[in-house]
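Participant: With the hints as extra help, turn the sequences into a complete structure.
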Amino acid sequence: MPKITFIEHDGTTNEVEGEVGMTVMELARKHDIPGIEAECGGACSCATCHVYVDDAWTAKTGSPEEMEEDMLDFAFDVRANSRLSCQIKITDELDGLIVRTPEKQF
Amino acid sequence: MEMTNSPIETDVVIIGAGPCGLFAVFELGLLDIRCHLIDILDRPGGQCAELYPEKPIYDIPAYPIISGQELTDALLEQIKPFDPQYHFNQRVDEIERIGDNKFRLKTDDNQEFICKNVVIAAGGGSFTPKRPPLPGIEDYEGKSVHYSVRRMSDFEGKDLLIVGGGDSALDWTLNLTPLAKSVTLVHRRDKFRAATDSVNKMMALREEGKINFILGQMTELKGENGELSSVTISGPEGETEVNCNCLLPFFGLTMKLGPVANWGLNLHENLIAVDTEKFETSEPGIFAIGDINHYPGKLKLILSGFHEAALMAQKVNNYIYPDKKVVFQYTTSSSSLQKKLGVK
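From first to last, the protein sequence lines are chains A and B.
Quick note: the first sequence uses this note's numbering, first residue 1, plus one each step.
Quick note: the second sequence uses this note's numbering, first residue 1, plus one each step.
Not one of these hints is a red herring.
Where chain A lies over chain B, by a calculated footprint (3+ residues, C-beta under 8 Å):
no. : stretch
1   : 125-138
2   : 186-200
3   : 251-259
To give an idea of the chain A side of the interface with chain B (calculated C-beta under 7 Å), a few residues:
no. : residue
4   : A43
5   : D70
6   : F106
Simulated from the structure, these hints should not be mistaken for laboratory data.
Even glycine gets a Cβ: it sits at the ideal position worked out from N, Cα and C.
Facilitator: Structural data, given as structure tokens:
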């Protein structure tokens, strides 16, 4: 099963095992990873599951589609590696993925 | 415009016009109970309309797939025979008991309601504008930071900074530019979600030099005593300090419990505690259904809210018509229920 690492704003690291097909947001919620709120429950409607994908992984996670890019307008401190974790589907290729959570979702 | 509207009297006020609030109209309507609905949004549907109008829902009984908007539209059609009265863009701030089985409600628009029972179907709470997490922003709110425009004249002669790329940000850029002393629009990218026509009009203002556009994001507010003097914008070109005395950030809406917490009801972790027979709160005569309530085994599903609405209605019926003999009837066979529904 692909391993995903979440690094919190203060450097706290959580490594958890994901299932192929679930989203990075769902995995975070399952393990109560701090810093991911997912207020809308994964409908790409709220931008409270905002993460920064580690630079080494941005090519594999791909870039946001138009709807996700629109929704990122509602996030804060958006960077080139910003994604909404509800829109990243876990695949075998993402084994080892590292994402960072922002100081706070808003 | 009148400063105070005369109170509206009705049987039941439902707070929240999401799916559960709408279906409550149906269940109460079958029992000859009239309802007014109040919602902070500008249209019915609650989260279904605001968060996921086009997203399919798969767990509504008998609908293998239905979108949030379709569900809302179907409910509106279903409750039409009961002629519910809607009050949008208003938030209920106060609930006060004014006698046995009588309540007075007051909204943030100063509208009062007098009713016999209150049904709170407020979902995740009130949708409120998102506050950018900039240090000290709360000190400026109300004075130089505003999340909505109530009176355009308040912005006359101001140096305005508007942040965002959706319809609110662009509409206010277009409407306030003729009034303001200066307008700077800030957005994180050179692409806008707003209606094409608004985007074109905004581009024209940019070309005419009537507004200033900066690509970037806010990083710091400067000023004192609640009076803003400048905002630092960080963008691809580095940092820019924009002089302004008024900021309008438009980052969408989030759900907050809001005034519900002040109504003296027993809460369980920000949810309203109810029983599972009548879905009544700790305050007799006030009910809570849908996502906002809590009881052992609670599931935040639309279908649970529908069930809660049906049982709540029985108890409300008992409050409003204490002497009426309760005869349980089915809509499939009861001629009196069918008459209420307008079945011919």
